Amino acid sequence: MASPVYYGSMNLNDNVNYFVVSKPLSTVAVAPSMYKVARLPGMIKTGETINQRQIDLQVRILGTSRTDLENKVDAMQQALDKRLQNLSMRTNDSRYYVADCVNFDSGLDAGKILSTIAKITFICYQPFAQAASGGTADTGTVAMTFSSGQIYTSSQNVTGGGTVYNCPSIRIYQRTVAMSTTLTAARNSGTAYTTLAVNAIPVALTTRDTLIIGTGGTTQSVTVSSNASAGATTINVNSFTANATYAIGAAVNRDATMTQVQITQQTDSQNLYVTSSLPVVAGDYIDVNCDPITGWTVKLNGGSTLSTVNGTFPVIEPTSTSFLYTVTCNSNPSIQVVHTYTSRWLS
Amino acid sequence: MPSGYSLDLSVYKSQQVLVYDSNGNFIDVLRDAPLLAGFKETASGGTSPLRIKLPRSMDDFDQDGVSGNYGTIGQGNIVKYYLFGPGLPTTGKLRFQGYIDTIEPEVADNGDEFVTVTIMPFSSVLGDRGCSELVQMGIPDTQENYYMDILDMFKFWFNVNDPITNRVFTYPLTFDTTGSASSSGVEAYSAFYNQNLDSVFSTLVALLPLNWFYRFNPDNSVTINVASTIAQHKLYIGQHITNPQYRLDWSQLKNVIVYTGYTPPSDTSTTPDPNKSDPVEIGGQPVPIQYVAIGGSVSTVGERIAYFNNSRITQTDTLQTLAEGTLAQLNRVAIRAKIRVPDYRGGTGGYDIESLQVGDTVQITNPHILPATKQYYHWDTDLWDTAYWDYKVLSSSSSILFDQVLMIVGLDYEFDYVDIELDTLQPNLIQRFYNLYARVQDYTTV
Chain A
1 MASPVYYGSM
11 NLNDNVNYFV
21 VSKPLSTVAV
31 APSMYKVARL
41 PGMIKTGETI
51 NQRQIDLQVR
61 ILGTSRTDLE
71 NKVDAMQQAL
81 DKRLQNLSMR
91 TNDSRYYVAD
101 CVNFDSGLDA
111 GKILSTIAKI
121 TFICYQPFAQ
131 AASGGTADTG
141 TVAMTFSSGQ
151 IYTSSQNVTG
161 GGTVYNCPSI
171 RIYQRTVAMS
181 TTLTAARNSG
191 TAYTTLAVNA
201 IPVALTTRDT
211 LIIGTGGTTQ
221 SVTVSSNASA
231 GATTINVNSF
241 TANATYAIGA
251 AVNRDATMTQ
261 VQITQQTDSQ
271 NLYVTSSLPV
281 VAGDYIDVNC
291 DPITGWTVKL
301 NGGSTLSTVN
311 GTFPVIEPTS
321 TSFLYTVTCN
331 SNPSIQVVHT
341 YTSRWLS
Chain B
348 MPSGYSLDLS
358 VYKSQQVLVY
368 DSNGNFIDVL
378 RDAPLLAGFK
388 ETASGGTSPL
398 RIKLPRSMDD
408 FDQDGVSGNY
418 GTIGQGNIVK
428 YYLFGPGLPT
438 TGKLRFQGYI
448 DTIEPEVADN
458 GDEFVTVTIM
468 PFSSVLGDRG
478 CSELVQMGIP
488 DTQENYYMDI
498 LDMFKFWFNV
508 NDPITNRVFT
518 YPLTFDTTGS
528 ASSSGVEAYS
538 AFYNQNLDSV
548 FSTLVALLPL
558 NWFYRFNPDN
568 SVTINVASTI
578 AQHKLYIGQH
588 ITNPQYRLDW
598 SQLKNVIVYT
608 GYTPPSDTST
618 TPDPNKSDPV
628 EIGGQPVPIQ
638 YVAIGGSVST
648 VGERIAYFNN
658 SRITQTDTLQ
668 TLAEGTLAQL
678 NRVAIRAKIR
688 VPDYRGGTGG
698 YDIESLQVGD
708 TVQITNPHIL
718 PATKQYYHWD
728 TDLWDTAYWD
738 YKVLSSSSSI
748 LFDQVLMIVG
758 LDYEFDYVDI
768 ELDTLQPNLI
778 QRFYNLYARV
788 QDYTTV
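Each protein sequence line maps, in turn, to chains A and B.
Anchor point for the first sequence: position 175 equals 175 in our numbering, and the numbering is continuous, going up by one each time.
If you want our numbering, it's the position in the second sequence, counting the first as 1, plus 347.
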């Protein structure tokens, strides 16, 4: 049974009306940037360019009569006239290119009433074939590891599959559980304290967590100095002098604001820095779209505002690719990272 | 260890182009910007604008002010090019920035649609800013305490507000205190009136001793310093250079300097003043005093005369000093070299082109020439070993380009290579000559 070759919904190799005579399995040409150094044998390479892919197919069209043959040619031309359709040619899987048919060359020869050979040219603006379905890599909720100051890290390996790199979408969730309680003893303005007396805290606190006393225009940030278990009613903090009087019942909340997210793709030494519009509370997330065609953007919680970025949007290589996430956060963060990607092939 | 993949930034270079509004708020990236190329940096001059062509529809190119657009293409938006790769910071090296000054959407004859955007670097302040009121620095007096160091004059424009804008004259540029000299050692009086900053800075550089330069940096700082006499970069034939070429240029040579000073009144005293020349008169009217300095090259290249005037000079001795000094600067062949240096990023050779800056000094070495056969051209030796202000040019030019410290005076940037223009460092004359020259230089303009 012939393997189908589809352009959009049109099967170019149905083995009844249309027969693909030949199809390519080539990679796309790589054009290196080269320069000649005076009196040095060979060339110096500074980079490379990969342009569009051209696919040439030869399809025999077979009719039962001349009229039928011409009708089948019309049907094929109509199907090929659609733009940016998926072109799939492989037997092993459904990988496809996104292509335009830019030329259809055929003729009716004397003595060949029932068939003709159509030479069809496709241009694939993106030269790599992509998988019909995508993949994901999910870290689940992970507690990040303290590095220094307010910097925390965690790592992940992702295997892209295929034979060439792909451009993923990376979603990073803030998973630090919220902590809210209230003071059971006031903190008076001008007085130094090293503890907070609170109602039983619902979740554990970790050294270096930042707590915000109060709400609205009068607040004070303090830093937890030693771990506190869930249920604790006393929180040890670094010494602070109250900047106002916080009465019994004043809110005490953990501040898990992120101030910078750095994604390092270590395999290719790529770094991306995100410095604005970052997750604050549990459930917040940023979407890092690494596709240069549709993205190179970072957005918070699915909104339209773009986060401030600098650096290189990372790719996933076909083999195991190492990622390091570095977050600057006011409290010990937990995150979840989900890579969504589509494997790609050189041919 | 390199991954072997084509996007490995431990081997290759990449860029990111960021767009901000005029207040510095991030807008978006320019994901379809071409690789950074096609601008020129000049020592003691500005950076040329960058024109980029974006493959966008003529009526929908993310223009500013349209609902649904991010608005990257808007007049006044700031565009910054960052480079990433081996030897560069992980946060990127800011290599070029400017503001969008021209937007040209187009549908070409063949149907191609694109938008050409001109990004103007902030060195445009040279032409855009200036003083409309008299600015005097120092006091024209013989007492040294009232003169001002030339570098302090330079810094003035970075620290003092322009009364028109109520911002410093050079805003948003800042003075590079780290890379600049702290002082020039030369003090003078100077006045500026109705001049743009290009004219002001040209005047200040002319007041400084030779081989001083200023440079606009991509981070909007401005450096002023003297070129290092020790090569900051060493480039080797057979390793770093594509297409070396140089030019020996006598076309700007001047070997007869006529320097005129003040115009004395008619000499009516009975006691001759030994410090003043007898005034020459034409038609009963006195003409300025003058001194003529003549270089030895007149006999070889013929007379090439130049005239200079400084109406503040009243003494012939001073005229002589200035004339002889000017002769020394102009009575020489100009050596200009232009070489292409490919970037080493790519992993197969080349040089770190991102470390090259205008004002840096370079030494080109040809390792194939045996040391015994080299003939060196020493500026200092050839100036000072004769009794006259003269020079020598070697009959053999085999080493005219090599093993000398040359200054980068121009840099044409292309992503994979740079074309640098090199010039010889000019002979550094004695400091007291420059002190004298600077004090009496008349730069008052109206």
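Honestly, the hints are just simulated from the structure, not real lab data.
Hints are not guaranteed to be accurate.
Residues from chain A shown here face chain B by an in silico Cβ test under 10 Å; the list is partial [what the hints assert, rightly or not]:
1. Val30
2. Ile44
3. Gln270
With a straight-line cut-off of 30 Å between C-alpha atoms, the simulated BS3-like cross-links for lysine-lysine are [stated by the list, open to error]:
4. B/Lys387 with B/Lys440
5. B/Lys387 with A/Lys36
6. B/Lys502 with B/Lys601
7. B/Lys387 with B/Lys400
8. B/Lys400 with B/Lys427
9. A/Lys112 with A/Lys72
10. B/Lys502 with B/Lys387
11. B/Lys685 with B/Lys601
12. A/Lys36 with A/Lys119
13. B/Lys601 with A/Lys36
14. A/Lys36 with B/Lys502
15. A/Lys299 with B/Lys502
16. A/Lys23 with A/Lys36
17. B/Lys427 with B/Lys387
18. B/Lys400 with B/Lys685
19. A/Lys82 with A/Lys36
20. A/Lys72 with A/Lys119
21. B/Lys427 with B/Lys502
22. A/Lys36 with B/Lys440
23. A/Lys299 with B/Lys601
24. B/Lys400 with A/Lys299
25. A/Lys82 with B/Lys400
26. B/Lys601 with A/Lys112
27. B/Lys387 with B/Lys581
28. B/Lys440 with B/Lys601
Since this is a predicted model, take the numbers as computed values, not measurements.
For glycine and all other residues, C-beta sits at the position ideal for the given N, C-alpha and C.
A quick look at each hint next to the structure:
1. Val30: holds, 8 Å
2. Ile44: holds, 5 Å
3. Gln270: Cβ of A/Gln270 sits 6 Å from chain B, so the hint holds.
4. B/Lys387 with B/Lys440: Between B/Lys387 and B/Lys440 the Cα gap is close to 18 Å, so the pair holds against 30 Å.
5. B/Lys387 with A/Lys36: Between B/Lys387 and A/Lys36 the Cα gap is close to 22 Å, so the pair holds against 30 Å.
6. B/Lys502 with B/Lys601: Roughly 33 Å between the alpha carbons, so the hint for B/Lys502 and B/Lys601 is violated.
7. B/Lys387 with B/Lys400: Holds. B/Lys387 to B/Lys400 sits at ~18 Å (cutoff 30 Å).
8. B/Lys400 with B/Lys427: holds, 16 Å
9. A/Lys112 with A/Lys72: holds, 15 Å
10. B/Lys502 with B/Lys387: holds, 25 Å
11. B/Lys685 with B/Lys601: holds, 24 Å
12. A/Lys36 with A/Lys119: violated, 40 Å
13. B/Lys601 with A/Lys36: With Cα atoms ~39 Å apart, B/Lys601 and A/Lys36 exceed 30 Å; violated.
14. A/Lys36 with B/Lys502: violated, 44 Å
15. A/Lys299 with B/Lys502: violated, 43 Å
16. A/Lys23 with A/Lys36: violated, 37 Å
17. B/Lys427 with B/Lys387: Holds. B/Lys427 to B/Lys387 sits at ~16 Å (cutoff 30 Å).
18. B/Lys400 with B/Lys685: With a Cα-Cα distance of about 28 Å, the restraint between B/Lys400 and B/Lys685 holds, given a limit of 30 Å.
19. A/Lys82 with A/Lys36: violated, 45 Å
20. A/Lys72 with A/Lys119: Holds - the C-alpha atoms of A/Lys119 and A/Lys72 are around 15 Å apart, at most 30 Å.
21. B/Lys427 with B/Lys502: holds, 26 Å
22. A/Lys36 with B/Lys440: holds, 26 Å
23. A/Lys299 with B/Lys601: violated, 65 Å
24. B/Lys400 with A/Lys299: holds, 27 Å
25. A/Lys82 with B/Lys400: holds, 29 Å
26. B/Lys601 with A/Lys112: violated, 86 Å
27. B/Lys387 with B/Lys581: Roughly 22 Å between the alpha carbons, so the hint for B/Lys387 and B/Lys581 holds.
28. B/Lys440 with B/Lys601: Violated, because 43 Å separates the two Cα atoms, which is more than 30 Å.
Of the numbered hints listed earlier, those contradicted by the structure are 6, 12, 13, 14, 15, 16, 19, 23, 26, 28.
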